[in-house]
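Novice: Each chain is listed here by its residues.
Protein chains: 4
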Amino acid sequence: MGDLLGVAVLGAGHMGADHIRRLDQVVSGARVAAVADPDVERAQQAAAGVDAVTVHADPVAALDAPGVAAALIASPGPAHEEALLAAFARGLPVLCEKPMVPDSTGALRVVEAEARLGRRLAQIGFMRRYDAEYRRLKALLDGGELGRPLMLHCTHRNVSSPGHFTSAMLINSSVSHEIDAARWLLGQELTAVTVLRPTPSSGAPEGLLDPQFVLFETAGGALVDVEVFVNSGFGYQVRCEAVCERGSARIGDEHTMVVTTAGSAREEVAQDYLVRFADAYDREVQAWVDATRRGEVTGPSAWDGYAASVVAEAGVRALESGGREAVELAPRPDLYDPCAGVSR
Amino acid sequence: MGDLLGVAVLGAGHMGADHIRRLDQVVSGARVAAVADPDVERAQQAAAGVDAVTVHADPVAALDAPGVAAALIASPGPAHEEALLAAFARGLPVLCEKPMVPDSTGALRVVEAEARLGRRLAQIGFMRRYDAEYRRLKALLDGGELGRPLMLHCTHRNVSSPGHFTSAMLINSSVSHEIDAARWLLGQELTAVTVLRPTPSSGAPEGLLDPQFVLFETAGGALVDVEVFVNSGFGYQVRCEAVCERGSARIGDEHTMVVTTAGSAREEVAQDYLVRFADAYDREVQAWVDATRRGEVTGPSAWDGYAASVVAEAGVRALESGGREAVELAPRPDLYDPCAGVSR
Amino acid sequence: MGDLLGVAVLGAGHMGADHIRRLDQVVSGARVAAVADPDVERAQQAAAGVDAVTVHADPVAALDAPGVAAALIASPGPAHEEALLAAFARGLPVLCEKPMVPDSTGALRVVEAEARLGRRLAQIGFMRRYDAEYRRLKALLDGGELGRPLMLHCTHRNVSSPGHFTSAMLINSSVSHEIDAARWLLGQELTAVTVLRPTPSSGAPEGLLDPQFVLFETAGGALVDVEVFVNSGFGYQVRCEAVCERGSARIGDEHTMVVTTAGSAREEVAQDYLVRFADAYDREVQAWVDATRRGEVTGPSAWDGYAASVVAEAGVRALESGGREAVELAPRPDLYDPCAGVSR
Amino acid sequence: MGDLLGVAVLGAGHMGADHIRRLDQVVSGARVAAVADPDVERAQQAAAGVDAVTVHADPVAALDAPGVAAALIASPGPAHEEALLAAFARGLPVLCEKPMVPDSTGALRVVEAEARLGRRLAQIGFMRRYDAEYRRLKALLDGGELGRPLMLHCTHRNVSSPGHFTSAMLINSSVSHEIDAARWLLGQELTAVTVLRPTPSSGAPEGLLDPQFVLFETAGGALVDVEVFVNSGFGYQVRCEAVCERGSARIGDEHTMVVTTAGSAREEVAQDYLVRFADAYDREVQAWVDATRRGEVTGPSAWDGYAASVVAEAGVRALESGGREAVELAPRPDLYDPCAGVSR
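Chains as they are written, first to last, in full-length UniProt numbering: chain A, 1 to 344; chain B, 1 to 344; chain C, 1 to 344; chain D, 1 to 344.
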């Protein structure tokens, strides 16, 4: 292949630093050309050892740095809208971590700006679409062997939640992955959401409504239920069972090595999403680099990012109201029809 | 052990004939002393080959037949109330197939009649309590290792439903098993129910709302969800995952023999409840015979039968209303407190 | 069914007492008519609570006791030959625990005595043939879907061995189950045996060659390997994988309830053969009672008992020689051809 | 990271072309600088689209081409010795596909040549050491939780074998993977081998002894058995169960997505080693590139390649003799002691 794709990485925190390492050492065909973070020292640390890289406090300066041909946005969510619009203005392909934009109004502005460009530049970081198990499930559903999907039963468990986690974040941070995965797997928009609140676990911090049980209805009459339990204590478990007209398929069970000791046979449960989804992150960024070098944008779109934020907002309303909340999407620009893989 | 327990079996249909075979050939310590069915010819066929048995058209006559010391009621549900009251009047221990009484008003009359007797005579046929997997799950939950149960995720699938099956019967015939199992596993009464209705499968008969997704709330703040899908086409699957504060436990996956052929490793899925729960039926009747010979009543009580019918009625209302329906139980007679294993 | 089958139980030790309980309380259609044990007090304890039973020091006296129509031999192995011949002399059907006769010379005498009678009276206690998993595997192999069996990979592990266990007993007590199971599953006699001896586990008693790895060749060119490890510490595990021309099938993995706690998903491993094979024992004795009442003998034959002892003796020789030992069977009497299900 | 490592790839057949693609598009930190194949047209096709690459008929010319700093040998086995010695003469680090050298005499010459250099340059392509499941098993065994390993039960199945496959190749091509994996997992040399030959499957080509059952003894008294079945028809299955003093661990079962359809729950079985071990190949080459750029050699050594060929030769002798064949290794040069991770 030809020249390496020069990437400006915006944000040098936990996620940004990991992407810098990935682009520098794992992904083929790309190099890190610029790093930006308001905390310049952190940016310099993350860029240490990278060849021919420039470091910036201002993300826009990084986009204009020499050798930059694409951008990866890993800054905090509130900074995403401005960065996306600046990348659009420069015609730069961009991979933007989720959430695309935290509020749906801002997300819609991004969609509209890209629609005005008339071509896709943005790919959103819903990396489950690159996980081997999810892809196998998607291929099975698309193949039609099992007939139309009727229900998705989803589980999303973490060992424990960070200190700042709020009840709303179970929806708009954790379940947002299931929101995109359900839309992608079913090829349908979500139309309503209800959130049930069992008595919180004594393992959850005081005041946090954990676990929650979230029900989505879809445009095609399917049902999606999600157990989200971020202080389960027992593991990072992401499971999905698709129940269809002629069969069901389940991914996410613990498997690989069965260890038998006194009285039990055990299988390891991942404790961290970086373990469970390490390959998916690698594949996501590699796929983005490859497509970008071909001049294409192939992954989750700005519309997917927008739809996820609308659904998450309705979910938070449902958490508060205790009732069913409808999901209202703006009309979808033509730009996204063929690529999105989601019918309404 | 001493003399065999003489049992009058009321009803000689599919279930009754199977119980006659079981008492005659499988269960130790009992014998069939009388068989009753309005269709006397059917009763005679079911009793063929049984020693020293009398055959009757009238169930009450069977209760009064020589050698009868207990009754097993396997007649259609609408006949149960009269038969139970007749057994109570004669002081006969009785094992009554589910539903105890189809409507909750009649069920409450049975509870009140037994409460007036001041001692338990009736055991209700919730045979899942005798299934080895359910018992293991119950023991695990009671042992406390996993902490308080927060949610039960249940699956109840049949290959196909009989021709007369109605949308309400998904609740009051199929899910009634989960109603009792949830009350028993959690030791809590159910307090409200919501029924969601995905677009029906094209495999379901015209007009049947299948699958349904049923949500129960409990007195202790737990959540019980049940996928019921009676025309799944793919198997008889009864699964239950209990999610607790410190772990989860799941029963009902297909296991036993793994067969690997070209391209896949497969495990057999039972196609019928008589296969899946054959041992549970045997154990249930054996346990009833053993307890009866000791002069005790140990299994699911008339109160359990009553509670199941109240919850099922609320479920059918929720199916029709599309909303949440509260469950209202009459005060529980003291008779049932210590035995029921269910707190409110 | 008609009158109960009166059974004389010879031997009132651990196994005999369990069979007395089984015949009295679990199995339908039989009753314990007599109990014999040289330790009469032990016989009386085991018979306590049984109706209309007589207790004897002399096993032959028990066979002649009133009401005895069949015998179950659960005395120590060296007493079996005399008891079997006495039962044959009286025309009594008999269920004899394994080993039928510990040495193959005595075993052959039993075969010859039964062949002279010209009809089968003896069923040998190879209860794995009644285990649900083994029966499923047998049915699959017989059905022909997977083609001809090429290899059986077997595992036989115990938590720990009793104090008196010798290296030879790993073969003639433990592996004897696999000897019969392999003959039955494959329908082939075993023709040679080799025993490999890894360095013993530090968990095994001083001097005990544990584990061992036993290789059997069969008349049809298949191969059977058995890991026997009686001080594994971790569980009672009996597994069998049949590798055939078009597929493989495996039974005996731990399954039923999956418990997820911090860091692992575990499945319970049975610690005892009475747990793992409880149902098989019940089915075995019930099948014997049923067949006996019909005037038939259907289970493992005296020939099966003889063949197992010949193979076990060759195995012990192979353990000592470190080489391959051929298995030499006497000609098989015609009596056993149709029933044995084993071709040579 | 600094400059890309320029690699000369020797051999442009199936495996060589795949490694060229891997170095060019998947692996980070390396580039293909030269390609050699006697069939120059094939070399040119494999190098198409690679930047700044030279193409050669002569492997030695490729080693001397501009920009070459390391070599990857993927030519046919008989060409390996000369290529390795040429790389050693130039001080080039080299990754050599298995078998290192097909005959053990030649393999020993390579070992001695490298020993004379006094530093390691060669890594041998035993890629299972880079498979995630094998690494997890190795870590578990090294951690000591399960105690000393007593036995390894291995399965190596292919769907079908290529036309030219011989009975000896089941040992020296297929089982050679298990030979290295067993040495690595146990940290012990193999000391003797026996090969058993069940009646061949009717699915195997006329004259091919398939399946075979191979038994290895180890310097530490452990036992390794391998079922190798290259015309199984049902899948590419590589499994390994380590039985230790306090537990067992098994890898290689089919898992990831469970699909339930009428009558069965199935899991996909890989049909090809490129599917099963795709990640292992990527990791292997990436690890070699990374180490080489650091000036280190970390993977399987020439000693490992030599030992594998000695054991494979003994295995082929055992296949022919039907008996046990001892394995005789030359004294191990000091160079390999600390790195090999294998004690004798």
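Heads up, some of the hints might be wrong.
Remember, identical chains collapse to one label, so a pair may be satisfied in a single copy or spanning two.
[As the list claims (entries may be wrong)] Result set (SDA-like, lysine to any residue): computed pairs, CA atoms no more than 25 Å apart in a straight line:
id, residue 1, residue 2
1, K138, Y236
2, K138, G29
3, K138, P200
4, K138, H164
5, K138, D279
The set of hints was computed from the structure by calculation and includes no laboratory data.
Novice: Would you mind marking each hint as holding or not holding in the structure?
Specialist: Checked hints:
Proximity of K138 and Y236 under a CA criterion of 25 Å is satisfied in both settings, with 22 Å inside one chain copy and 23 Å between copies. Taking identical chains as interchangeable, the C-alpha atoms of K138 and G29 are never at most 25 Å apart, the minima being 27 Å within one chain and 33 Å between chains. When the C-alpha separation of K138 and P200 is checked against a cutoff of 25 Å, the pair qualifies only between copies, where the shortest distance is 22 Å, while the shortest distance within a copy is 33 Å. In the homo-oligomer, the alpha carbons of K138 and H164 never lie at most 25 Å apart, since the shortest distance is 34 Å inside one protomer and 36 Å across protomers.
For a Cα distance limit of 25 Å, the shortest separation of K138 from D279 qualifies both inside one copy, at 17 Å, and across copies, at 21 Å.
In summary, the numbered hints that this structure violates are 2 and 4.
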